[in-house]
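Whole structure, please, built from the sequences with the hints as guidance.
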Amino acid sequence: MTIPGILAYLAVLTIAEAFRLRIRGRFETAPTAHAVGLALAVSVTTPQGPIQLTATHIAALVLISQLLAIPFLWVTRARGERHELLADSALRLFTVTAVAILVRELPLLHGNHVVDMTLTWPGWRRAIVLMSAIGFILSIEAPFRVWLYHRLMRVDALNSHTSDARIPLALSVVVVASSASLALAQEAIGLAALPLGLVPLVATQIAVLHQARVHRAQRQSVRALSKLPEIAGLLPRGHGTSVARLSVAIAQEMGLTAREISHLETAALLHDLGQVVLRRPIPSGATVLAAPADQEHLAATGASIVDHIGRLNAVTDTLAAQAVPYYQLVQNRARIPQTSRVLKVANAYVDYVGGTLADADNDAHNEAMERIYLGLGYEYDPKAVAALETVLDRSGYGTQPINHSNTHTPTNTEPKHPSKIRGVTRARRGRAPHARRHSHTDHDHVATGNGAAHRD
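1 is the number of the first residue of the sequence shown in full-length UniProt numbering; add one for each residue after it.
Treat the hints with care, since some could be wrong.
Pairs of lysine to any residue residues, derived as SDA-like cross-links and limited to a Cα-Cα distance of at most 20 Å, are as follows [said to hold, decoys possible]:
id	residue 1	residue 2
1	Lys383	Asn332
2	Lys227	Thr356
3	Lys383	Ser395
4	Lys227	His308
Everything labelled a hint here was simulated from the structure, so no lab data went into it.
What follows is the structure, given as structure tokens:
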């Protein structure tokens, strides 16, 4: 490659390093720079002649471009973000170098390298081989990126719903395809392939950034709406956040997907939004104390409010079904999303312990688990309850024995751990305490165990 060609690549790489993809909750990266570096690693020739570059030369070129871009990036990043910046640059340097070694210097069949073996192949076959080589190295890099993401961003199970630290899948596919096609196009049109070949990737990156901004604005709207019942005095401060954190932890324990967990977290933040129609609040905002029909009415009201936000269909479905008893799924094949079943369990626990996780001392925990186990299999999904118990055990609850004086089991007065209360559920036929309350038919107020909460 000529000096002008090397300088052109250096300029494009430096600019691409500065044009980075920053999405909240994901590892910062520079996909355009990634694609250009990978294209250089698998390029063989140009109209001006063969590209006589070794893996060391290519790694040095990428490193120089990163060093040129780092001063600009350094002053535009907070101190806590600089470690993430350096880690991403190191990973990209590793990926480009590894691909260059694999296709240029690693002897394969009869001592030939990949670039030599495929030089006379049809374009489509070469593209498949090059994309396979790039994809192979990226698959090796991915676990390191995830590990660094958890180390640097200090992801906590109760504070984050995603363990995916890679760039979005669609963008990853574009990076692989763009780098291979750029290398092949360069053989025909030379350096003109750089601006032409990068247009799809740049357009995709801009679209992803726009989508991220829309999603961020939507999240801000959700956060604002979730605070309305608390500001109005209908709920204890921090109730929505407590339910959301616990719901996420339960969902992670049950193995729900990142998308399902994201929808569940949003639904949990908004699960009590229906209470804004009440003229007289439910005591402590505990919907678990309301009659079943009124719980479903409040859930439907909240779902209808959220439905006006738009683009939250999965969240609306979760909210609408959050008050439906679990037995409806078993006996009547009712459609109850798994996220709704998780939300029902998490909300019941937080309501029973006093409204927030901060209120969950051992006594409150034991009483809450007793009530939940009384509804096991009738009101609550047993799998969600088991996941709740696992999450809470890791938090240190459940270490004190439970008082069974109110569980109608006089033949056995020995204290038991919450996990041994399942027999009580069968004795009570799975009926939760609030399942026996009746809803008033005039719908002027919500019946609770401690009074009435009027609604418009």
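Exercise. Quick one, are Lys227 and Thr356 close enough, alpha carbons at most 20 Å?
Worked result: holds (14 Å)
For this session: Take a quick look at whether Lys383 and Asn332 sit within 20 Å of each other, Cα to Cα.
Result: The hint holds at about 19 Å.
Exercise. Regarding the pair Lys227 and His308, is the alpha-carbon distance no greater than 20 Å?
Worked result: holds (17 Å)
Exercise. Taking only the CA atoms, is the gap from Lys383 to Ser395 under or equal to 20 Å?
Worked result: Measuring from Cα to Cα gives roughly 19 Å; hence the hint holds.
In summary, this structure violates none of the numbered hints.
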